[in-house]
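Read top to bottom, the protein sequences are chains R and X. Mapped onto this note's numbering, the consecutive letters of the first sequence carry residue numbers 1 to 222. Mapped onto this note's numbering, the consecutive letters of the second sequence carry residue numbers 223 to 444.
Covered stretches of chain X, going by a simulated chain R footprint (3 or more residues, C-beta under 8 Å):
1) 271-283
2) 352-359
Here chain X is said to cover these stretches of chain R; the calculated rule only asks that three of the stretch's residues, wherever they fall, bring their Cβ under 8 Å from a Cβ of chain X:
3) 46-53
4) 77-87
5) 125-139
Just so you know, these hints were derived from the structure itself, not from any lab. Idealized CB from N, CA, C, for every residue including glycine.
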Amino acid sequence: MAGKPILHYFNGRGRMECIRWLLAAAGVEFEEKFIEKPEDLDKLKNDGSLMFQQVPMVEIDGMKLVQTRAILNYIATKYNLYGKDMKERALIDMYSEGVADLGEMIMHLPLCPPAEKDAKLTLIREKTTNRYLPAFENVLKSHGQDYLVGNKLSRADIHLVELLYYVEELDPSLLANFPLLKALKARVSNLPAVKKFLQPGSQRKPPTDEKKIEEARKAFKF
Amino acid sequence: VGKPKLHYFNGRGRMECILWLLAAAGVEFEEKFIEQPEDLDKLKNDGSLMFQQVPMVEIDGIKLVQTRAILNYVATKYNLYGKDMKERALIDMYSEGVADLGEMILLLPLCPPDQKDAKIAQIKQSTTNRYLPAFEKVLKSHGQDYLVGNKLSKADIHLVELLYLVEELDPSLLANFPLLKGLKARVSNLPAVKKFLQPGSQRKPPMDEKTLEEAKRIFRIK
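Let the sequences and hints guide you as you build the complete structure.
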């Protein structure tokens, strides 16, 4: 079997961070090759390494995989974080996609024009407390188990806990009325591999600040 | 266990790819159309929609929401998801690329009139420079009839559905992609797909102003 997975991306969270979380939670060591200037990205494109000329790209088991969900699905399957059967997978997918929807809104916030930012933030808070967090709290309440699906850790728990950290970064009070989610967050955070990933010095990336966005915008012309 | 039941409004939107997949798999399904905002409210109040959104598909005793969760379940159930982890990775990578271009086309009717021409130009450019070449290259690389594993999979069905949308936008966009045209013809000739492509099937027509206004009304979009 080949060496460690190699992650190709910018030195920031973006669309790669959920992949880092999943690998880390699975206890998988990985390498990162950071794209620092436009020439780095051009080289990958000209190499034919990027099927749609885009990153994230992960080299794993002889493949150069692009598309976040393709990468996540492969890792989850490989490391048994995708449920035990078709029906569990359906629930895991449904939950993971809900997390991704809210996560996408949060991810795009730094890119939002200043004039629209307050409105966007209000919308995110509203959806967090009225739509997404209640939905997941209800799942945990419905079965009283430690994890979202099948009484076993799955990618759904990992994606959700990652999201809860971002919600907390936005505004800790948003988690106030969701005791079961807070417990899940604590429980998953205490798993040895996750605990390690949460410590300083790990490959986890800090919040993306405005300055970093401006740099990326200029360098990659978007 | 009866037929799957699809809950959506009477238009393509985010449900159409699910219709295509079920149809191509030869699965009969029922549709319950949301025609008034009250119909959507009822589903919400019933607790039928995990995130208060449609598409929702009742299948095998589950009320599944989130397009990808539904597609993945249907694909797995009807053996359209490859034979192993690595084939699934390729299928996911290709399907997600299709979804990216499909999303641009899907959102076009919502584009402000003064930005529309620019948006269409961007879509055409992405189509001919990024997406179609990528898929043509896959078919060229192995010379087989289908994208993955020499067997029909969800990737072929999603791609062919997209090729029909591209053709609707501008038939000349397909001009330089002979293998894609071959795939489109081949998949269209499969008995279940051929039937779905005929008038009177459950396939939905392109969105017109009237349907757009109806969707906005039902989903309370401004």
